[in-house]
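A.B. asks: Sequence:
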Amino acid sequence: MGRWHLKSLRNNTNGFSTTFDVLLFLVMVSICSIILLPAITGNTQIKSVIESKNQKQSSDLLLTLLNGRVYEFEYFTGGEQMDTIAGQVNKSPVYLEGKKLIAGKEIRHKTFADIVAEDAASQWVIYHNGKRIQLNFLMSDYTNRLKSETKDYLEKQIGDRYNYNFTVVWMPFVNSLFGSDISIGEPVPENAYVESTFITMPYHVNFTRKRIERIIDSSFKGSSGNISAIFDEIKRNDTERVIIEDGINQAIFDSINSTIDDALSELVDDKMAPILDDAQDKVITQMSNFLPGNAEGIDFIASFNESIISTLNEEGAVTKEKISGTLKSYLQEISKQETHEHAKNEIKALVTDLVDMYVDGAMTIDEFKDRILTETFSRISISRAQATLSIWEKRI
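First residue of the sequence shown: 1171, per the working numbering; consecutive thereafter.
Since the hints were made in silico from the structure, they are not lab data.
Idealized CB from N, CA, C, for every residue including glycine.
Wrong hints could be hidden among the right ones.
Below 20 Å or equal to it, Euclidean Cα-Cα: the simulated SDA-like pairs (lysine to any residue) are [to be verified]:
| hint | residue 1 | residue 2 |
| --- | --- | --- |
| 1 | 1317 | 1300 |
| 2 | 1326 | 1283 |
| 3 | 1269 | 1283 |
| 4 | 1514 | 1411 |
Pair by pair, the computed Cβ-Cβ distance ranges are [to be verified]:
| hint | residue 1 | residue 2 | range |
| --- | --- | --- | --- |
| 5 | 1532 | 1356 | 18 to 24 Å |
| 6 | 1325 | 1254 | 26 to 32 Å |
| 7 | 1372 | 1254 | 24 to 30 Å |
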């Protein structure tokens, strides 16, 4: 019986053949994987290196651009408007010389960061129902010349290999419909290498943390006593926690609203009113005097002012004696509305978390105050704008 089994085993080689085929297949797969692995790893590494290199190039290029110095930058305040009023004579030597004397400005030895910040600070744009309404129309020539200078500079730096987009956005108040923007280059695709940083704006509105701290103290005293008393009440009377949290929410929003009111008031009164109420009229009058018998300048500014007032009235703004007054009341109201709409759930959740930590002993009253101060202070960003550079390879 044993001999028959051994003989049968020797004669029946199908099992060995199948096993040998499987082993041979596994060896071949292993050899292939060993051969292909360096190529796969190499391709991944090459792609990673390229991605890293391109991202670094975007970062380096942004810093190079912002620190790049413009030795001569000439523009005309109200230049495009002057050309419109002048009509057919806007190319004559006499007109060009007079235009330079009246409206010509020259900037020397400034960085791109300085020039672009000054442009962003002087546009004053309202974003209204999908429209972009620029209040300071006298700076359009400045913006166009800035775009031309930036385009020339970037194309010298990156050559023909990349497309680019350089954007600066200034939003002085979080969630506000007021600010400014400058965009130079092509629309940004999803595969772009993007780098952002902040640049300093030429505004010096006196809003320190100390000043906002005083606003917060005033808001809490106006609601239900000082902050310490409110939190002592939470520990003594847990059944009233929901009511107390609502009071804290309201005090925080009162602080944010007061901060927005005060900051906008200073911004409009000190920076915008002199331009909107006086300078634009004076510049257009100078233009009209320079072009005798031409009253289009007066009609132009009248229609422009009417369009601003009309836009603000559509939004329910209360008309004041001057454009700046109407604008200020409108911006204060709409900024507070937008802030409340976007931040109400966020602040409510923040207060609940902070109260939990305070009740559990994980946070002191001073730490709680500091968090409220930080939250309020973060809602204003008057002194900085965001600069973003995107680059991507051109498709051949």
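A.B. asks: What hint numbers does the structure not satisfy?
C.D. replies: 1, 3 and 5
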